[in-house]
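Numbering-wise, this note's numbering puts 103 at position 108 of the sequence shown, and it's gapless, one number per residue.
Simulated from the structure, these hints should not be mistaken for lab results.
Note that beta-carbon positions come from the ideal geometry of N, C-alpha and C, so glycine has one too.
Any given hint could be a false lead.
Label pairs and their in silico Cβ distance ranges [what the hints assert, rightly or not]: (1) G44 - Q74: 39 to 45 Å; (2) A45 - A103: 40 to 46 Å; (3) R67 - A45: 26 to 32 Å; (4) G133 - A98: 24 to 30 Å.
The calculated lysine to aspartate or glutamate pairs, modelled on EDC-like cross-linking and capped at a C-alpha distance of 16 Å, are [said to hold, decoys possible]: (5) K1 - E64; (6) K1 - E101; (7) K125 - D29; (8) K24 - E101; (9) K125 - E80; (10) K125 - D72; (11) K24 - D69.
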Amino acid sequence: MSSEEKRSWIYVVVGVGVAAVYFVTVMSKVPGADVARIVYVRPMLIAIGAGIGLGIVASIAAAIASPREAGRTDERDRQIHRLGEHVGFYVMSIATIVPLALAMAEAAHFWIANSLYLAFVLASVASSIKKIVSYRRGI
């Protein structure tokens, strides 16, 4: 398994895991509550920071575990990366329609921010999954 494929696996696991913890924590407060009073900014910032930090630490750990593969990329890796990023771009483009519509409808900031965070998570996960599938099945 190449270092780029390992990094894609790391991003899927970290992205899904951190987002799941965040959404379970914050959305559990929604039933019967006024969303304007739910504290979500700090937990969201912590989730974003944790996702970035865990991704970096896990990528470094994977590079240490396989030092000969670390940083090696070839034309196939670059092609797969480009394809995955295109998929992530399209997912993000479509997913941001929801927060845009919520903003136009003057919905609570809570819903706009959380739908935008979800759009980022979906784009990152879709991009990484496309890369993994491309590594496993070929381009």
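Checked hints:
1. G44 - Q74: 39 to 45 Å: 32 Å, violated
2. A45 - A103: 40 to 46 Å: 25 Å, violated
3. R67 - A45: 26 to 32 Å: Given about 28 Å between the Cβ atoms, the range holds.
4. G133 - A98: 24 to 30 Å: 41 Å, violated
5. K1 - E64: Holds - the C-alpha atoms of E64 and K1 are around 10 Å apart, at most 16 Å.
6. K1 - E101: 41 Å, violated
7. K125 - D29: 38 Å, violated
8. K24 - E101: The given pair, whose Cα atoms are some 21 Å apart, is violated under the 16 Å limit.
9. K125 - E80: 9 Å, holds
10. K125 - D72: Satisfied, since the Cα-Cα distance of roughly 13 Å is no more than 16 Å.
11. K24 - D69: Outside the cut-off at roughly 47 Å; violated.
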